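Visitor: Turn these sequences into a full structure, and let the hints guide you.
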Amino acid sequence: MNGKWKNETNLFLIALVQCVLYYSLIIDFIHAEQGNSVFVYLLLSTISTAAAAFTLNNPKKKAIFIVLCAAGFLFLALATVRSGMGIPNVLLGYLMIAGMIWMYHSVYKRIVLVANIIAALFAAIVPLSLLTLINFTEEAAVTGKNGLTSESALYGIIGTAVFLFFIVLVCEIIKDTEDFENDVYYDWHSIPFVMGTPFTKTVIISINIAIAAMLCFLYAFFLIL
Numbered sequence: 618m619n620g621k622w623k624n625e626t627n628l629f630l631i632a633l634v635q636c637v638l639y640y641s642l643i644i645d646f647i648h649a650e651q652g653n654s655v656f657v658y659l660l661l662s663t664i665s666t667a668a669a670a671f672t673l674n675n676p677k678k679k680a681i682f683i684v685l686c687a688a689g690f691l692f693l694a695l696a697t698v699r700s701g702m703g704i705p706n707v708l709l710g711y712l713m714i715a716g717m718i719w720m721y722h723s724v725y726k727r728i729v730l731v732a733n734i735i736a737a738l739f740a741a742i743v744p745l746s747l748l749t750l751i752n753f754t755e756e757a758a759v760t761g762k763n764g765l766t767s768e769s770a771l772y773g774i775i776g777t778a779v780f781l782f783f784i785v786l787v788c789e790i791i792k793d794t795e796d797f798e799n800d801v802y803y804d805w806h807s808i809p810f811v812m813g814t815p816f817t818k819t820v821i822i823s824i825n826i827a828i829a830a831m832l833c834f835l836y837a838f839f840l841i842l
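In this text, residue positions in the sequence shown follow my numbering: the first is 618, and each later residue adds one.
Take these hints with a grain of salt, some might be off.
[Said to hold, decoys possible] Computed beta-carbon distance windows for the label pairs:
| id | residue 1 | residue 2 | range |
| --- | --- | --- | --- |
| 1 | 707 | 766 | 22 to 30 angstroms |
| 2 | 827 | 630 | 33 to 41 angstroms |
| 3 | 629 | 679 | 39 to 47 angstroms |
| 4 | 823 | 687 | 34 to 42 angstroms |
| 5 | 653 | 818 | 39 to 47 angstroms |
| 6 | 644 | 815 | 42 to 50 angstroms |
| 7 | 836 | 636 | 21 to 29 angstroms |
| 8 | 644 | 795 | 19 to 27 angstroms |
| 9 | 679 | 630 | 23 to 31 angstroms |
| 10 | 636 | 832 | 18 to 26 angstroms |
| 11 | 710 | 773 | 16 to 24 angstroms |
| 12 | 795 | 653 | 38 to 46 angstroms |
[Said to hold, decoys possible] Derived lysine-lysine pairs resembling DSSO-like cross-links, with alpha carbons at most 30 angstroms apart:
| id | residue 1 | residue 2 |
| --- | --- | --- |
| 13 | 818 | 792 |
| 14 | 726 | 792 |
| 15 | 818 | 726 |
| 16 | 677 | 726 |
| 17 | 678 | 726 |
| 18 | 792 | 678 |
| 19 | 677 | 818 |
| 20 | 726 | 679 |
| 21 | 679 | 792 |
Simulated from the structure, these hints should not be mistaken for laboratory data. Nothing here was measured: the structure is a model prediction, and the numbers come from that model. Beta carbons: idealized from backbone N, C-alpha and C, even for Gly.
Guide: Next up, the structure:
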């Protein structure tokens, strides 16, 4: 993929994942007073935060990182006010995420596997953030227009988050293998840099086997249902 459009494509995919999950699983179970406004604020917060993370690839754009994180914080604040969620906890959580993003290159890249896991966790947060929209009351447990219950929506979102976690984890390890020279130059302790390429290939194959096994299990599970 052309590097010029890589970040824009990633932002599009993030928005696509949230929109697909929202309109296919969640829309029937949101709190009646929320409407779609909370989802829009949540989507804008996610996109702003992801865009902020991408700017850190260029050390000269740290000011843009701060501006985008401030925008993400503002959109999340609007979402929490509109939805009535626990504002202090949600906003504190956002500040922790922003801090982890800020330290990604300077700290976590120098610890084996930690940076890869953090990147995968950020990907998993994209669908999991939508759980704040679901009304898990007894009334919402009835079957919605799409034939699902709120419990089914919950499983669908968690399953998507787990799948994204492993997909992004293996992609990050593959990227480290391709960028081995940069890891050596910046002293980033990636798996290829510390353990060597043969061991890294074994890790990649193992994760892919785990993903395939998980997909087979899910297919068999839903087939039985």
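Visitor: Run the structure past the numbered hints and jot down the numbers of the failing ones, going up.
Guide: The structure conflicts with hints 2, 3, 8, 19, although it agrees with all the remaining ones.
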